[in-house]
Structures are given as structure tokens and as C-alpha cells.
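Novice: Here's the letter readout for the chains.
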Amino acid sequence: MSESAYNFAYLDEQTKRMIRRAILKGLAIPGYQVPFASREMPMPYGWGTGGVQVSAAVLTPEDTFKVIDQGADDTTNAVSIRTFFERTADVETTTETSAASVIQTRHRIPEEPLTEDQILVYQVPIPEPLRFLEPRESETRKMHSLEEYGLMHVKLYEDISRHGHIATSYAYPVKVEGRYVMDPSPIPKFDNPKLGQMAAVQLFGAGREQRIYALPPYTDVVSLDFDDHPFEASKADQVCGLCGAEDSYLDEVIIDDQGGRLFCCSDTDYCTSRRAAGHQGPAFPGSEVAA
Amino acid sequence: MDAQTLGGGFTEPAIQSAHAFRSVMEVMARPGTIQDISGAEPPSPLSRAAGCILLTLCDADTPVYLAGETDTAEIRAWIAFHTGAPLMGPSHAMFAVGTWEALAPLSAYQIGTSEYPDRSATLIVESSSLDGEATLKGPGIKDQASLNLPELAAFQANQAKFPLGLDFYFTCGDQLAALPRSTEVS
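Sequence order for the protein chains is A and B. Residue 532 in the numbering used here sits at position 260 of the first sequence, with consecutive numbering throughout. Residue 264 in the numbering used here sits at position 68 of the second sequence, with consecutive numbering throughout.
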């Protein structure tokens, strides 16, 4: 059910060339935000237009495409983007992490380690890590060029003075190859350690903000911290109620009117494949749900 | 216009440029890896790999500099017909193509500004061989990689300017490799 009235992967060729040139400069300067002429897409800004444009520039008809929204394959955003490329780029789609060659993600990195044959495309709402500290683009650009990142440490320090620890729990700033401070998109800081030395190519697209940036494979990515308050990749101190995983990032779900709650893997494919392999969590149907 | 000018382009531009871009991205993301790339048949002495890069990345927005022997009437006409890219001198070019000797001096090209380091030229170096002894380290490389480089000093000086600098593709027949400014060579 390919939409033959559109060009392959929806975008016109000149737009794809412009995005492709931005991706290549992004890979050559890891962590630097390359401006690009973001197009209007058939979905509103904030629904992954940056990621969709990067995916459109990267996909070939032989690719197998997976989309996750906060780890889940079956939410509205993930389903609609997957269908969009099924129809416009004629690609195979999958929900299986290991079977995908291109994975577009909103705010998670899959639990299963990615390989050299895979590309991870992030949807980014606000690419500028300094934006909430300095609203002027002219100033943040100057701060990046001068490597003037003191303000970011002040923000983390203010966290400590107010909460006793670094309370930033998502979109946790990182430094790439000792040069650029980068916003890893609003992934939970649990995922931050996976950014560095990853085998796959990581591309970041921000449609409304018109920026593309990239991490080549095996790049050094360090989460900002202090010697006496080292970075900690945190998660809920529970196991997955469905598959019993102790090492995955968990969502907390309210399941009834009595305040009953369930912790389960945010990565639905990881959870499903663990259950298929026979793993069971404490809340598996038949057993009592921990209240 | 003759058949050589009109021919030699992508027969299925959307699909072939998507495939070509993946090869181009792969070599840029993993410096030192060599990929085969095909689809373009540019007039000689332009290699097929260099022709593919030009067809995939160049258009009316990207001034191209033809260095040395690549600056022929046939190649000018081929690029004009297939990409529409304006041909300009090294100081205005976003892409330049030619042998290492013809592309010199590197100081002629744009290396970007500290606020916009992406506004820098990409050089396509026509080479006789890509396998070589130069050792590469940096982003995109697990431990180390190797590549044939025409010299070391120029690439070390280019890397020292990071985040400014030039990015290089090396082409040889159907083969393609790349060296971004972030790579340390020795």
C-alpha cells in the first residue's frame, strides 16, 4: 500500500540532500548542532518531525524500521510514524529491536544493546542544552564556540544545594569528546551511559528548532557531574511486575481506583521477549499485584 | 549536448541516492572503513565514486570546485546537467574534487567559523589506492583504523583546528572512504 503519488520517503530530493549534508557535518563535528531548513511535515511540530525528516533522509527500501515512543511500540506516535514510512518508503517495519536496521525513538534507548548495523534516530524537542539558562540563540551559540559551559555546572550545583543531589532526571546534559555540551533529548538519565561507545550511529533531529546533530559510533560521551556528586544512572528501585527484569528502566502504572500500582518495563519489546522466554514477574496474571 | 553529458546519472534518483548516501554516511561515521558505491558514470577522469558523491549531495545550493584535470568541459557539462551546482573557486566551494596535488593548498578552502563550524568545505580526493598504513583514532573508530593518506602533516594540522576544519572523502574507482576533521592521524 505504497503511496506512489509521493516521492520515495515523502520528502523531495533537494530537501533530502540538504538534510543529508547536515547529517554528514554533524557526524564530522560530534555534538555540534547543525542548522537545517526543517520542512513542514504531515504532523504537528512536537510529534517527531525532526526525527521523521532524519529517518526520511536515511531510509532505503531494504531497511527494517522500528519506532518507539518512550520505549513502547504501540502508542499513537509510534504507530502513526511507522505507518507513515510503510506507506511512503515501502519499508518493512518491526517491533523487534534486533530485527530493525533503523530505529526512530522518542525519549528512550532500547534495553537491548544496538549493533554496528543499526542506526538510532532521536526525536528532539529542544536541542539546545543551555536554552533554559540563556534564552538568546546568539548567546548560546557564542557560549558553545567559546566552550563556556560554567552556567550548566551552576544549574547542576543549584540542584544539589536545593535537593541535596542532582535532581535532573531526564535530558541530562552530556559532554561529547571533551568539546561540545549536548542535550541527549529527554531520555531518562538511566539511558545516558548507553550514549557513549555505542556501536550504532546516533542521529538527533529537532524539527521545530531546525537542528540536526549526531554521535558517530564509539564516541566518548560523559554525563556532567561533580567529583563529590558523581553522575548516577537511576531507576525505580523495583523489578518489572510482568517479566521480573531487574536491570531495565521501569514505568509506574496506576492499575485500579485503590491506588494499586505496577512497575513494568518501559521497553515493551524487551519485556515481551523476556516473557516469551519464560520470565515471569511478581504481577504476572495469576499472582498477586503488589499494592 | 551529447550523450555523455545526458547519461551517467542515477536512473532511479530517489532510490540510488538513498543507497549512495548510506555508504557515504557509513564511511563518514566510521573513518577508515571502505565502501563500494555505484550508480554514476561520470566522464573521465572523474571516478564513479566521486560522481556518486556529487550526485547524492550536490545541487544548486552547493558551489563545487573542480581542481586540476577534473576541470574539463565534459565534466562541467555533466555536473551542470545532473546537479545544477554552480562551479566556483576554492574559496567559495562547499565541495571540491580532484587529486591531492591539484586540490592544494588547503588554506584556500573554507573551514567554518567558531560559531558555525559546519560552514566548511568537503574535499573529494581522487586516489590511486585506499588501503594504507596511516593510523586513525577518534570518534567513530573502536580502537584504531587504517587508511592510505597522501601525507600526514596536513591532516594533523586540520585536526588541530577542531571543531573547525575540512572533511575529506577519498575515492578510487568504485571505492569510498572518509576522514572527518575529528580523526587523529599518525
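Each hint should be verified, as a subset may be incorrect.
[What the hints assert, rightly or not] Computed from the model, here is a short list of chain A residues facing chain B with C-beta under 7 Å:
1) ASN279
2) PHE280
3) GLU285
4) GLN286
5) ARG293
6) LEU296
7) PRO302
8) THR332
9) PRO407
10) ARG408
11) THR412
12) SER417
13) VAL473
14) PRO489
15) TYR490
Keep in mind that the hints were calculated from the coordinates and are not lab data. Don't be surprised by glycine CBs; every beta carbon is placed ideally from N, CA and C.
Novice: Answer holds if the nearest beta-carbon of chain B is closer than 7 Å to that of A/GLN286; otherwise answer violated.
Specialist: holds, 6 Å
Novice: Just to be careful: measuring from the Cβ of A/PRO407 to every Cβ in chain B, is the smallest value less than 7 Å?
Specialist: Violated. Min distance 17 Å.
Novice: Mind checking the CB of A/THR412 against every CB in chain B and telling me if the closest is under 7 Å?
Specialist: violated, 10 Å
Novice: Does A/ASN279 hold up as a contact with chain B if the rule is Cβ-Cβ below 7 Å?
Specialist: holds, 6 Å
Novice: For the hint on A/THR332, just tell me whether its beta-carbon gets within less than 7 Å of chain B.
Specialist: A/THR332 check passes; min Cβ-Cβ to chain B is 5 Å, inside 7 Å.
Novice: Taking 7 Å as the limit, does the beta-carbon of A/PRO489 come near enough to a beta-carbon in chain B?
Specialist: Holds, about 6 Å.
Novice: Against chain B, with CB atoms and a cut of 7 Å, does the hint on A/ARG408 hold up?
Specialist: violated, 13 Å
Novice: Less than 7 Å between beta-carbons is the criterion; does A/PRO302 satisfy it with respect to chain B?
Specialist: holds, 5 Å
Novice: For the restraint on A/ARG293, tell me whether the closest CB of chain B is nearer than 7 Å.
Specialist: Nearest chain B Cβ about 6 Å off; hint holds.
Novice: Answer holds if the nearest beta-carbon of chain B is closer than 7 Å to that of A/PHE280; otherwise answer violated.
Specialist: holds, 4 Å
Novice: How about A/GLU285: closest beta carbon in chain B under 7 Å, or not?
Specialist: Cβ of A/GLU285 sits 6 Å from chain B, so the hint holds.
Novice: Would the hint on A/SER417 be counted as holding, given a Cβ-Cβ threshold of 7 Å to chain B?
Specialist: This hint holds: A/SER417 lies near chain B, its Cβ roughly 4 Å from the closest one there, short of 7 Å.
The earlier numbered hints that this structure contradicts are 9, 10 and 11.
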